[in-house]
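Residue numbers (the numbering used here), protein chains in the order written: chain A, 545 to 878; chain B, 167 to 713.
Note that these hints are calculated values from the structure, not bench results.
Small disclaimer: the values here were computed from a predicted structure and weren't measured.
Worth double-checking, as some hints may not be accurate.
[Unchecked claim] Restraint-style ranges between C-beta atoms, simulated for each label pair:
#1 Asp642(B) / Glu597(A): 44 to 54 Å
#2 Glu570(B) / Gly600(A): 32 to 42 Å
#3 Asp485(B) / Pro604(A): 45 to 55 Å
#4 Tyr609(A) / Glu673(B): 46 to 56 Å
#5 Pro589(A) / Asp642(B): 51 to 61 Å
[To be verified] Output of the computed footprint for chain A on chain B, the stretches with three or more beta carbons under 8 Å from beta carbons of chain A:
#6 212–224
#7 287–295
#8 298–308
#9 377–390
#10 418–432
Just so you know, even glycine gets a beta-carbon here, dropped at the ideal spot from N, CA and C.
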Amino acid sequence: MLRFVLRRLALLVPVLVGLSILLFAWVRALPGDPARSLLGERATPEGIARVNESYGFDQPLVQQYITYVTALLHGDFGSSIQTGQPVMDSFGERFPATLELGFVALMIAVVVGVPLGYLAARHQGRVLDTAVVSGSLLGVVTPVFFLAILLKLVFADKLGWLPTALRQDPRVDATHVTYFYVLDGLLTREWDASWDAIIHLVLPALALATIPLAIIVRITRASVAEVMNEDFVRTAEAKGLSRSTISRRHVLRNALLPVVTTIGLQAGLLFSGAVLTETVFAFNGIGQYLFEAIGQRDYPVLQGFIIFIAIVYSLINLTVDLAYGVIDPRVRTQ
Amino acid sequence: MLFRRPSTRFATIGLAVAALVLSGCAQSQRDEGSSDGGGTFVFAGSAEPVTFDPFFASDGETFRPARQIFEGLVGTKPGTADPAPALAKDWQVSDDGLTYTFDLQDGVTFHDGTDFNADAVCFNFDRWYNMPESAQTDDLTYYYGALFRGFATGDRADAAIYDSCTADDELTATIKLKKPFAGFIAALSLPALSMQSPTALKKYQDDSASNPRTTEYSTSHPTGTGPFEFESFERGKQVTLARYDDYWGEPAKVDKAVIVAIEDPKARADALRSGEIDGFDLVGPADVGPLEDEGFTIVNRDAFNVLYLGMNQAVKPLDDIKVRQAIAYALNKEEIISASMAPETQPAIEFIPEIVNGFTSDVPKYDYDPEKAKQLLKEAGADGATIEFNYPTGVSRPYMPQPEDTFNVIRTQLEAVGLNIKPVADQWDPDYLEKIQGTKDHGIHLLGWTGDYNDTDNFLGVFFGAKTNEWGFENDKIFGDLDKARAIPTPEEQEPLYEDINREVMEYLPGVPLGHPVPSLAFDSSVKGFQQSPVQDEPWNTISLEQ
Chain A
545 MLRFVLRRLA LLVPVLVGLS ILLFAWVRAL PGDPARSLLG ERATPEGIAR VNESYGFDQP
605 LVQQYITYVT ALLHGDFGSS IQTGQPVMDS FGERFPATLE LGFVALMIAV VVGVPLGYLA
665 ARHQGRVLDT AVVSGSLLGV VTPVFFLAIL LKLVFADKLG WLPTALRQDP RVDATHVTYF
725 YVLDGLLTRE WDASWDAIIH LVLPALALAT IPLAIIVRIT RASVAEVMNE DFVRTAEAKG
785 LSRSTISRRH VLRNALLPVV TTIGLQAGLL FSGAVLTETV FAFNGIGQYL FEAIGQRDYP
845 VLQGFIIFIA IVYSLINLTV DLAYGVIDPR VRTQ
Chain B
167 MLFRRPSTRF ATIGLAVAAL VLSGCAQSQR DEGSSDGGGT FVFAGSAEPV TFDPFFASDG
227 ETFRPARQIF EGLVGTKPGT ADPAPALAKD WQVSDDGLTY TFDLQDGVTF HDGTDFNADA
287 VCFNFDRWYN MPESAQTDDL TYYYGALFRG FATGDRADAA IYDSCTADDE LTATIKLKKP
347 FAGFIAALSL PALSMQSPTA LKKYQDDSAS NPRTTEYSTS HPTGTGPFEF ESFERGKQVT
407 LARYDDYWGE PAKVDKAVIV AIEDPKARAD ALRSGEIDGF DLVGPADVGP LEDEGFTIVN
467 RDAFNVLYLG MNQAVKPLDD IKVRQAIAYA LNKEEIISAS MAPETQPAIE FIPEIVNGFT
527 SDVPKYDYDP EKAKQLLKEA GADGATIEFN YPTGVSRPYM PQPEDTFNVI RTQLEAVGLN
587 IKPVADQWDP DYLEKIQGTK DHGIHLLGWT GDYNDTDNFL GVFFGAKTNE WGFENDKIFG
647 DLDKARAIPT PEEQEPLYED INREVMEYLP GVPLGHPVPS LAFDSSVKGF QQSPVQDEPW
707 NTISLEQ
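Isolated chain A (complex conformation) (with noise of 0.2 Å):
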């Protein structure tokens, strides 16, 4: 197993080299200039001229890869050409963010879909069947930001539950340790700070998890009844053993296996799905800040958060691998 790892993990070495040149080039090949960017309306063609100089972007690309590399291999990704802010300081502020909120919205989808997955399986051609594959299927299509309108205008506007903006009210006194704000309360004992994260996850994290919910019941729902039709269903039925036993031991530790896949997947497309699901909820997440670089053609930025989502979306896929091994361990000889 431990191999298995190393291996893993050498194999993303080559992949990060990769990508950084890929990177490299592709964000300076967009079209536009940050300095433009930077000074509006304001700028002047010598102060177009000033501000590239005074970040180097005068200089040939190579001369700006080496730079950038040899930066980077030194811990220093750079900083913000909109707020001259490091860009792991960025990080470190705003990724609890999504991650908080991904991390909830997964819960859900899990939570729920796993389980609705199985009984519409159990139930074939039912009524709760047919209720949840259609739930699904107007999951699956219903746009993000319409749903975030919908949950915005039912839960906040009509019945008053939810608030419906930023992660915490600004009014709350709270002492930030991690920036993931739910723990953060707990960590110092200001429960009030923690239960006011939690209301304000509430609304986002339900958006968020609408499509990537709706997959997870329809991969676990066809899953499990392939599943339910092999021969050894069948053979265990016929042994005589419980409906509970079968279900368990049998059937679901069988049909988990590509239901692991997609969460896995899905993990990685919360990322995307966060851009609009913080940008609609006001939610100060990476997401936002990543779509807000891209318009602003902030390089540093740009380059330094997508590097960092490839290392993390590798772990992930990695931790999916190792998952395998446990609910099949055949995965783990080959």
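Knowing the structure of chain A, use the given hints to seat chain B on it.
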């Protein structure tokens, strides 16, 4: 059946618990102070401040907290863009326009206890002038570079107009300039030129740092004389300011002021509705009516901007004055405004708003007349000509709230007089600006400007001071007259010249000024005492939160 019954039961219980918990959890935390003051005022802007040292900034979101923490020698008369005493209670200008003597307010202290006096004034002026070359770029020191034309060192040193500052006594400071600058007093009302504590600057600031906007001073210790002092900045969350109890003017009524950043205008409106914030800036035109109907207070700033349809004379047939006139006559500005701007927006007849020095209603006007437009096009042989129309997407500026809608109305109006319009849409940041300002590859286009301070050159000089890619024309008469007007020492003497220039520009018609859109703010009904300003000189010491 085996699964259905328990799951239904659990679902019912779960829903009931969730409803009970949630209904009790998210009631508005709006903090309404008592009638004699107090409380926390929460305001939302559209982005986070870039720094807290306003000298290194040129954007409105950075200036918002700066207006609370800092003050300049000169302020503005409430509700106008006209200069008024602030930290300087009075000033005298020499006849040659080169020497300014400022009498300073007595009894003013910076938030760190340092006295505000003539030495502090000179410290600030000398600091600006002696900026290291690394900080002389437009992203860091745009305003100083543009207004004072250069620094002590660097490639613009010869053009610099600042000469010296002397402390004549404790409360009198004299500033000498090398060349006259009529906009000097008005320019001092810019937050970038606020007075900052010499003690705090010496202790925490390093102007030669690789990024002076992220130094200890600029992120944690900004120190001014304003009604609020800096308490904390949590990036991605909020700026917290606390009332400065020893403020020399009218002390703030609320205990704290918090500024949060919410980029999406709809999300800002929703946050106001759910009580997360007490007020916000840049209300989308479509939200004004509904918010008002729901009982929120809408405050409109006097417009200090202009939206225009630019015409690039480097491409045919826009170099023909008859074609430009035809386009002007083809536009129904009232219709354009009602389709894409706030209802209070005034149609524009020239390139400066009414409150700017040199405005005159005696300029050539082009009232909506489609028949005349058709006639002019025929005379120019441009009937049915194809014209590129550039417009931006994905942007809302105070002077241009809904460019896509503005484009659609104008396109219909131009096609109605026989022009063939070829739409070219570009993402605003940075493709659109790059194409309009950085290349010759554009035709008619939407753009505008929000003034920084009350100086005509800050509008006309920016647009027509020299040949640019945007307009594509060379008109030595206009360029020369603007140069001449700029060099005149007082605004009073400048006025007739600018009136003439406005006439000249509207005769030459490089573009069609469309309107002066009104930027709106929205507040909860508990917020009282907000004083709007066309240049956003809006200190919050007058604000109170009432039941």
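- prompt: Is the gap between the beta carbons of Asp485(B) and Pro604(A) within 45 to 55 Å?
  reply: The hinted range 45 to 55 Å is violated for Asp485(B) and Pro604(A), with Cβ atoms some 39 Å apart.
message: For the segment 418–432 of chain B, count the residues whose Cβ lies under 8 Å from any Cβ of chain A; is that count three or more?
response: holds (count 7)
message: Quick check: does the Cβ-Cβ distance between Tyr609(A) and Glu673(B) fall within 46 to 56 Å?
response: holds (53 Å)
query: the segment 212–224 of chain B covered by chain A? Criterion: 3 or more residues, Cβ-Cβ distance below 8 Å.
result: That given contact holds, which follows from 4 residues of the segment 212–224 of chain B lying within Cβ reach (below 8 Å) of chain A.
- prompt: Taking 44 to 54 Å as the hint, is the beta-carbon distance of Asp642(B) and Glu597(A) inside that range?
  reply: violated (31 Å)
message: Given the hint of 51 to 61 Å, is the C-beta distance from Pro589(A) to Asp642(B) inside that range or not?
response: Between Pro589(A) and Asp642(B), where Cβ atoms are some 20 Å apart, the hint is violated.
message: Please check whether Glu570(B) and Gly600(A) have a Cβ separation lying inside 32 to 42 Å.
response: The hint (32 to 42 Å, Cβ to Cβ) holds, given that Glu570(B) and Gly600(A) are roughly 37 Å apart.
Per-stretch coverage check for the segment 287–295 of chain B, three Cβ contacts closer than 8 Å to chain A: violated (count 0)
query: For the segment 377–390 of chain B, do at least 3 residues have a Cβ located nearer than 8 Å to some Cβ of chain A?
result: Since 3 is at least three, the answer is holds.
Annotated coverage of the segment 298–308 of chain B by chain A, confirmed only when three residues or more have a Cβ within 8 Å: Holds, because 6 residues of the segment 298–308 of chain B bring their Cβ atoms closer than 8 Å to Cβ atoms of chain A.
Hint violations for this structure: numbers 1, 3, 5 and 7, all remaining hints satisfied.
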